[in-house]
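Asks: Protein chains in written order, with the working numbering: chain A, 1 to 198; chain B, 1001 to 1198.
Capping the alpha-carbon separation at 25 Å, the derived lysine to any residue pairs in SDA-like fashion look like this:
#, chain 1, residue 1, chain 2, residue 2
1, A, Lys-181, B, Pro-1010
2, B, Lys-1181, A, Arg-20
3, A, Lys-183, B, Asn-1021
4, B, Lys-1181, A, Asp-12
5, A, Lys-181, B, Asp-1174
6, B, Lys-1183, A, Arg-152
7, A, Lys-181, B, Asp-1012
8, B, Lys-1183, A, Tyr-133
9, B, Lys-1194, A, Asp-12
10, A, Lys-191, B, Leu-1014
11, B, Lys-1183, A, Leu-118
12, A, Lys-191, B, Arg-1017
13, A, Lys-194, B, Leu-1118
14, A, Lys-183, B, Asn-1164
15, B, Lys-1191, A, Arg-124
16, B, Lys-1115, B, Tyr-1133
17, B, Lys-1191, A, Gly-154
18, A, Lys-191, B, Ala-1168
19, A, Lys-183, B, Thr-1155
20, A, Lys-194, B, Asp-1174
21, B, Lys-1191, A, Arg-20
22, B, Lys-1194, A, Thr-9
Pulled a few chain A residues facing chain B out of the computed Cβ check, cut under 10 Å:
#, residue
23, Asn-21
24, Thr-37
25, Gly-41
26, Leu-72
27, Gly-79
28, Leu-170
29, Val-176
30, Glu-178
31, Met-186
32, Lys-194
33, Glu-197
Simulated from the structure, these hints should not be mistaken for laboratory data.
For every residue, glycine included, the Cβ atom is placed at its ideal position computed from N, Cα and C.
2 protein chains.
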Amino acid sequence: MPQGKPEHTPDDGLTTRQRRNRPLLIVHTGPGKGKSTAAFGLALRAWNQGWPIGVFQFVKSAKWRIGEERALQTLGELGPPVTWHKMGEGWSWIKKSTSESDHAADALEGWSQIKRDLLSQTYRLLILDEFTYPINWGWIPIDDVLTTLSTRPGTQHIVITGRNAHPALLSQADLVTEMIKLKHPMDTGQKGQKGIEW
Amino acid sequence: MPQGKPEHTPDDGLTTRQRRNRPLLIVHTGPGKGKSTAAFGLALRAWNQGWPIGVFQFVKSAKWRIGEERALQTLGELGPPVTWHKMGEGWSWIKKSTSESDHAADALEGWSQIKRDLLSQTYRLLILDEFTYPINWGWIPIDDVLTTLSTRPGTQHIVITGRNAHPALLSQADLVTEMIKLKHPMDTGQKGQKGIEW
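Full structure from sequences and hints, please.
Replies: Right under this line is the structure:
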């Protein structure tokens, strides 16, 4: 845990307070477990601060976040709103069936909504869960992502999760943690279980 | 994310279901951010399953978990109980001031309570936050930890967080993720901020 003592103070013309409150682009990447759970753990801190939280789940793994979704939605009813958007079941802001839709178009539609939300500063914390995949698959242009994120207004913290984060994304990020698998029950033939994997 | 397909099935005489539901010893270690946040993210899944959750915070960093504590306590009032014990402010089950107490004795007292709770199966998920430190400092005997954890009854999942987890603990663990710091705002002189670090 950081002890609040930077090793050196940059000559950037900012006060410590200004520098401290800069919005962060956070990336959780790597092959290990904990990328998304750490993002949702961060959401607890954001909730406690009264920040509106937006979760965007990319890829069809939407089904895997049942526990986090129900818990955070419950908190959202009692405090700052938590808005949950899932690509796998069709984005919540479009009222059409997406059962036959194209995954790439779906991903791009999600990204378009994120851009709108960033412009209007809808949330203070945005979790873009498994967002590295649609970027890596070429569904969402990395240049657009980089430009949009670097020019976002106000104080909007962003957490992006997923394996193999694009090098340019890592380069632009303020905080990057790589989750490495040292050991997993799957290695000894144990499947995922409720309460742990979802 | 595991796709539910173990590479090989062990010859351990267990059914897939029995093997799947074995209690896990999980360790989040390494120098990167996300060890504790991922543990608290897991707690959201446990809460959704209706599991009683016990959190034991070791070391004086107790002050750093305000957001998680308030959010999980709020959830605990609406669902399965979440019980929060902090060494830094004196353990909740002993009603004495610990302001002058010895840290090593405090840590050992926390561990004794964990042993009692494991025996009585008070919780289904136990988070031992920053538990690696009192082990490494020799305050809590590693052999006692290993024996206690390996003989715990029932289905009690345990998550231990902290840097430099003891090799024997890693060896006994079922799931180990190492959080590696690739980048941190502290590196460019930015201090920790609310909603992100606490």
